[in-house]
Amino acid sequence: MNLPNYFLVDLPPAASLSAELIREACQTLRKNRQTYLFHRDTAGMIRILAELGASWLDDQYPFRQAALEEGPETTGFSGPVLRQGLDAFFRQLTETNLRALVEQDLGHFERLDRLVSSEPERRNGIQAVATGPELLFHITAGNLPIPALMSMVLGLLTRSSQFVKCATGAAFIPRLFAHSLYELDPKLGACLEIAQWRGGASDWENLLLAEADCVTATGSDETIQALRRQMPPGTRFLAYGHRISFGFVCREELTPPGAKAWAAKAAHDIAAWDQLGCLSPHVIYVEREGRVSPEQWAEMLAAELARLEKTLPRGPAPLEAAAAIASRRAFYSLRAGASPDTRSWQSEGSTAWTVIYEADPRFQLSCLHRFIYVKGVEHLEEALQGVDALRGKVSTVGLAAGAHRLPELAQRLAMWGVNRVCPLGQMQQPPLTWRHDGRPALGDLVGWTQLEL
Amino acid sequence: MANAAFTLRKTGPFSHRFLVRKADLAVIADEVHGVIQKVAAGGPCPEEEFNALALRLAEAQLSHNPHLATFWKSAHNKPWNNWREIPPLPLEAFKHYEMTCLSPQARTNVFYSSGTTGQSRSRHWHCPDSLQLYRAAVKPWFAHHVLGNSVGPAPSARLFVSLTPPPDAAPHSSLVDMLDTVMKEWGLPESCFLGEVKQKGDWTLDLSKATGFLAGLAHAGQPVVLMGTAFNFVPWLDSLQERQMFIALPPGSRIMETGGYKGRSRAVPQTELHAALHQRLAVPYDGIIREYGMCELSSQAYDRIAFAPLTAPARFRFPPWVRVRILSPETGLDCPAGMPGLLCVYDLANVWSVMALQTADLAAHDETGFELLGRAAPAEPRGCSLMVTE
Numbered sequence: 001m002n003l004p005n006y007f008l009v010d011l012p013p014a015a016s017l018s019a020e021l022i023r024e025a026c027q028t029l030r031k032n033r034q035t036y037l038f039h040r041d042t043a044g045m046i047r048i049l050a051e052l053g054a055s056w057l058d059d060q061y062p063f064r065q066a067a068l069e070e071g072p073e074t075t076g077f078s079g080p081v082l083r084q085g086l087d088a089f090f091r092q093l094t095e096t097n098l099r100a101l102v103e104q105d106l107g108h109f110e111r112l113d114r115l116v117s118s119e120p121e122r123r124n125g126i127q128a129v130a131t132g133p134e135l136l137f138h139i140t141a142g143n144l145p146i147p148a149l150m151s152m153v154l155g156l157l158t159r160s161s162q163f164v165k166c167a168t169g170a171a172f173i174p175r176l177f178a179h180s181l182y183e184l185d186p187k188l189g190a191c192l193e194i195a196q197w198r199g200g201a202s203d204w205e206n207l208l209l210a211e212a213d214c215v216t217a218t219g220s221d222e223t224i225q226a227l228r229r230q231m232p233p234g235t236r237f238l239a240y241g242h243r244i245s246f247g248f249v250c251r252e253e254l255t256p257p258g259a260k261a262w263a264a265k266a267a268h269d270i271a272a273w274d275q276l277g278c279l280s281p282h283v284i285y286v287e288r289e290g291r292v293s294p295e296q297w298a299e300m301l302a303a304e305l306a307r308l309e310k311t312l313p314r315g316p317a318p319l320e321a322a323a324a325i326a327s328r329r330a331f332y333s334l335r336a337g338a339s340p341d342t343r344s345w346q347s348e349g350s351t352a353w354t355v356i357y358e359a360d361p362r363f364q365l366s367c368l369h370r371f372i373y374v375k376g377v378e379h380l381e382e383a384l385q386g387v388d389a390l391r392g393k394v395s396t397v398g399l400a401a402g403a404h405r406l407p408e409l410a411q412r413l414a415m416w417g418v419n420r421v422c423p424l425g426q427m428q429q430p431p432l433t434w435r436h437d438g439r440p441a442l443g444d445l446v447g448w449t450q451l452e453l
Numbered sequence: 454m455a456n457a458a459f460t461l462r463k464t465g466p467f468s469h470r471f472l473v474r475k476a477d478l479a480v481i482a483d484e485v486h487g488v489i490q491k492v493a494a495g496g497p498c499p500e501e502e503f504n505a506l507a508l509r510l511a512e513a514q515l516s517h518n519p520h521l522a523t524f525w526k527s528a529h530n531k532p533w534n535n536w537r538e539i540p541p542l543p544l545e546a547f548k549h550y551e552m553t554c555l556s557p558q559a560r561t562n563v564f565y566s567s568g569t570t571g572q573s574r575s576r577h578w579h580c581p582d583s584l585q586l587y588r589a590a591v592k593p594w595f596a597h598h599v600l601g602n603s604v605g606p607a608p609s610a611r612l613f614v615s616l617t618p619p620p621d622a623a624p625h626s627s628l629v630d631m632l633d634t635v636m637k638e639w640g641l642p643e644s645c646f647l648g649e650v651k652q653k654g655d656w657t658l659d660l661s662k663a664t665g666f667l668a669g670l671a672h673a674g675q676p677v678v679l680m681g682t683a684f685n686f687v688p689w690l691d692s693l694q695e696r697q698m699f700i701a702l703p704p705g706s707r708i709m710e711t712g713g714y715k716g717r718s719r720a721v722p723q724t725e726l727h728a729a730l731h732q733r734l735a736v737p738y739d740g741i742i743r744e745y746g747m748c749e750l751s752s753q754a755y756d757r758i759a760f761a762p763l764t765a766p767a768r769f770r771f772p773p774w775v776r777v778r779i780l781s782p783e784t785g786l787d788c789p790a791g792m793p794g795l796l797c798v799y800d801l802a803n804v805w806s807v808m809a810l811q812t813a814d815l816a817a818h819d820e821t822g823f824e825l826l827g828r829a830a831p832a833e834p835r836g837c838s839l840m841v842t843e
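Taken in sequence, the protein lines are chains W and U.
Going letter by letter, the first sequence gives residues 1 to 453 in our numbering.
Going letter by letter, the second sequence gives residues 454 to 843 in our numbering.
Wrong hints could be hidden among the right ones.
[As the list claims (entries may be wrong)] Heads up, incomplete: computed chain U residues facing chain W, CB under 8 Å, no partners named: (1) Cys-498; (2) Thr-523; (3) Pro-543; (4) Glu-545; (5) Ala-546; (6) Tyr-550; (7) Thr-657; (8) Glu-783; (9) Gly-785; (10) Ala-790; (11) Pro-793; (12) Gln-811; (13) Ala-813.
Keep in mind the hints are simulated off the structure, nothing from the lab.
Idealized CB from N, CA, C, for every residue including glycine.
Start from the sequences and build out the full structure, keeping to the hints where you can.
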C-alpha cells in the first residue's frame, strides 16, 4: 500500500531523522492540538473512534487489507494470527465500550468536557473536570502492535497531541492505523506524529522527554529504568515494564469433555500473537486428582496446538528464538528420558509448538513462540509458591474454574498481587476498560481541576 | 563354547561387561592418539576412518552412560551407519547430569565451564588417561595455528605470557590446562601466567603489573606469545588507553584470544577488540588468532594461522579428528553452506565423556570452516534475567 508522507515514519529511509525535525514536529503537534483537538468533546471523539473500529473490521477496508496482505512479511505473524489479533482489538472499539472506559476511569462521561459531578461528588458539593496532557510521548515495544494502537486511542480520548515512537521494524501496523485516522479525520491525524528508530538513540529520546508533558513506555525493565533516570522532573511517566502471565486449571474442570474444551481454550491463549505478549501464558498449572491428570491434560493441549497450527499457523521464529526452542527441546527430551516427571510433545520438523509437562511446580519462563509448560500442582497455593520469585510481575492469570470456586480463587490471586484474572481462553483479549498492569490506563493520563461549591 | 559360557556365568555378567567396556574405551583412545599423531605429522583423517571410530566410540559411550543411552535411544534412529546420525547432546546436559563414562572413583580432575556466580556450570570429568589425550589433542593444532608451525619439525621455544591465572590457582579450567600444556611443551623458562584468582573464584589481572611486565619484554626485544580471554584483554586495554600507553611488542609477537565475556567485563565487538590489540600492542592483524574451545570439548578450533596470508575471511577450523555440523534449529536438519544454525561438534578426543555435542552457538559454515554468529538464548530454563533481578 502506498501511503502519503504524513508522518516522520513515512520518510524514505534515505531521508534521515534529525533533532531539528523532531523539535519542529513537537511544535506543530502542540499548535494543531490547540486548533483542531482541544475543543472537541468526548461524544464526538468516541463517535470517530468507533467509526474507525468498525472500518477496520470491514474486509473491504483498504487499511485492513494492507495489514493482512503485507503484515505477514513485515510483522512476522501469519495472516490468520494477525487477523484474529486485530479483530479482537477492533471489536472492542465501540461507542459502548469507549463510554464505559471513560465512565469507569473518570467517574463521569463528560469529565473531559466540562465541570461535572459524579453521584458521590454531588453529595459532597464537588465538581471536577479532567484534562489530558498537551503532548503525550509514547515509547512502544516491538513485540506486538496492539499496545501502540491502544496508546493512541487513549491519547485521542484525552485530546492530547501524541508522538509515537515505534521500535525499529515494529511500525507497520501503528503506521497503518495512524493513516487510517488521518484519512477519516485529517485534523485529528495532524495531531499525531509517528516515527521509528532503534532504542537507545538517546539524544532524540531526551529531546522528546523534555518536550512532552507525559511519557508512556512499554518495554523491558532495563529500558524502563534507563528512561526513568533520564526523565525530567515534572514530566509524568507511565511505565509498563515486563510482565508475565500464567494459567490455572481446577480439578473439577478436568472431566474428559471439560478438560478437552479447556485445552482448546488454552491453546488459543498460547497461539494468540504467537505467545509474544505480556498477557500470554508461560506456564499452565493444572490441579492433580481430577479425572484427567495434569500429564494427560498436557497431551490434550499438545493435540489442540497441533490442530490450531493448521488454521492459525505460527509465524516464522527468528533464528535465535528457534535455536532457544531447539536447545530446550533437546534438554527436556534428555530429562524426560531420565525421569517420568518430565514429558514433552512437539511439532515434527519445525519449532511451531512445544508442550513440556513437568511435575516440578517451579515457574518457568517460556522461550515463547508457542512453547508452553504444563505443571501439576496440589492446589493454587502450591502454584503461587512456584511463582513466588516473580511476585509483583504477574499480569494475568487465566482460570479454568467453575462458578463456585471462581470467587475464592480470584480473591486469593488479587491478595497475592495478580493484576488481572480472566477465564482461560481470553488472556490475550482484555476488555477496553482493563486496568493495564493494575493501573487505570485512561485515568493515569489526566490531571484534575475541582470546584468546591 | 560350553567352557566360554561357563566362564561368563562364573565371573558374573556385570563385571564381565564392565571389563569389556573399559577395554573398549581404552582401545579407542589409543586409536585416537594414533590419529592425532598422524595429523601432527601432516596426515589426514579420512572420512571412513573418522566414521568408523565415531560409531564405535558412540556405541562404547552409550553402554557406559545411562543418561546418554536414554537420550540417544529416544531418537529412535538406530542402528547408525554414519556419524551424522548420532544425535548431538545439548551442552546443558553437562550442567544437570553426570555426562561421563568414568566411575566416581576413576575421576581425578574436573573442568568446569566458566559461569557467573549463581549459574550452574558444566562439569567435564577427567582421569589420567583422558587428560593425557586432552593434552595430546591440544598440542598439534595449537602449534599449527598459533606458533605458525606447518607440520613437521618441532617449533622452537617461545616466551609465552598468559593473562589467565596459573594452573595451581585455576585447576578446573580447561583453558588454563591447555595453556599450561603448550607452555610446558614449547615455553621458555620465563614463560608465565599473570592472572590471579579472587576469593570468590573470579579471575583478575593486576593491570599495572601486566603493563610493566609486557613493557619490559618489549624493551628487551623479546617476541612473545600473548594469550588470554577477551575479558582478560578488555580491562587491560582500557587501562592502557586511559594512560595513553602503547606497548610495541617486538616483531614476531602474536596474540591468542578466546572469546566470551559472560558479564565479566564490558563486551566488545571482536573487530573492535582486535583493532585495540593491534593499536596498543603493535601486533599485526594477521598475528591475532582467535581460539574457540570449551570445557565440554577436548579439541579447539582456530580462525587463522599466525602470519599466513588469508585468501578468504577468517573461519574457525577444528582439527581433522573433529567434525562439525550446523543444524537448522527449525527443522533439525543440516544447514546448507552459508545458512546459519546451531553449531554441533563431534570430537573423537572426547573419549570418556560425550563425542557428539550441540552447542548454543549460532554459526554458518562453508568449505573453509565456520564463523560464529552469536548465541542462542540460554537453553538453561532457570536463572533468566527477570529472576536474577529479583
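Hint check results:
no.	hint	in the structure
1	Cys-498	violated, 27 Å
2	Thr-523	holds, 3 Å
3	Pro-543	holds, 4 Å
4	Glu-545	holds, 5 Å
5	Ala-546	holds, 5 Å
6	Tyr-550	holds, 7 Å
7	Thr-657	violated, 27 Å
8	Glu-783	holds, 5 Å
9	Gly-785	holds, 7 Å
10	Ala-790	violated, 16 Å
11	Pro-793	holds, 6 Å
12	Gln-811	holds, 6 Å
13	Ala-813	holds, 6 Å
In summary, the structure is inconsistent with hints 1, 7, 10 from the numbered list given earlier, while agreeing with the others.
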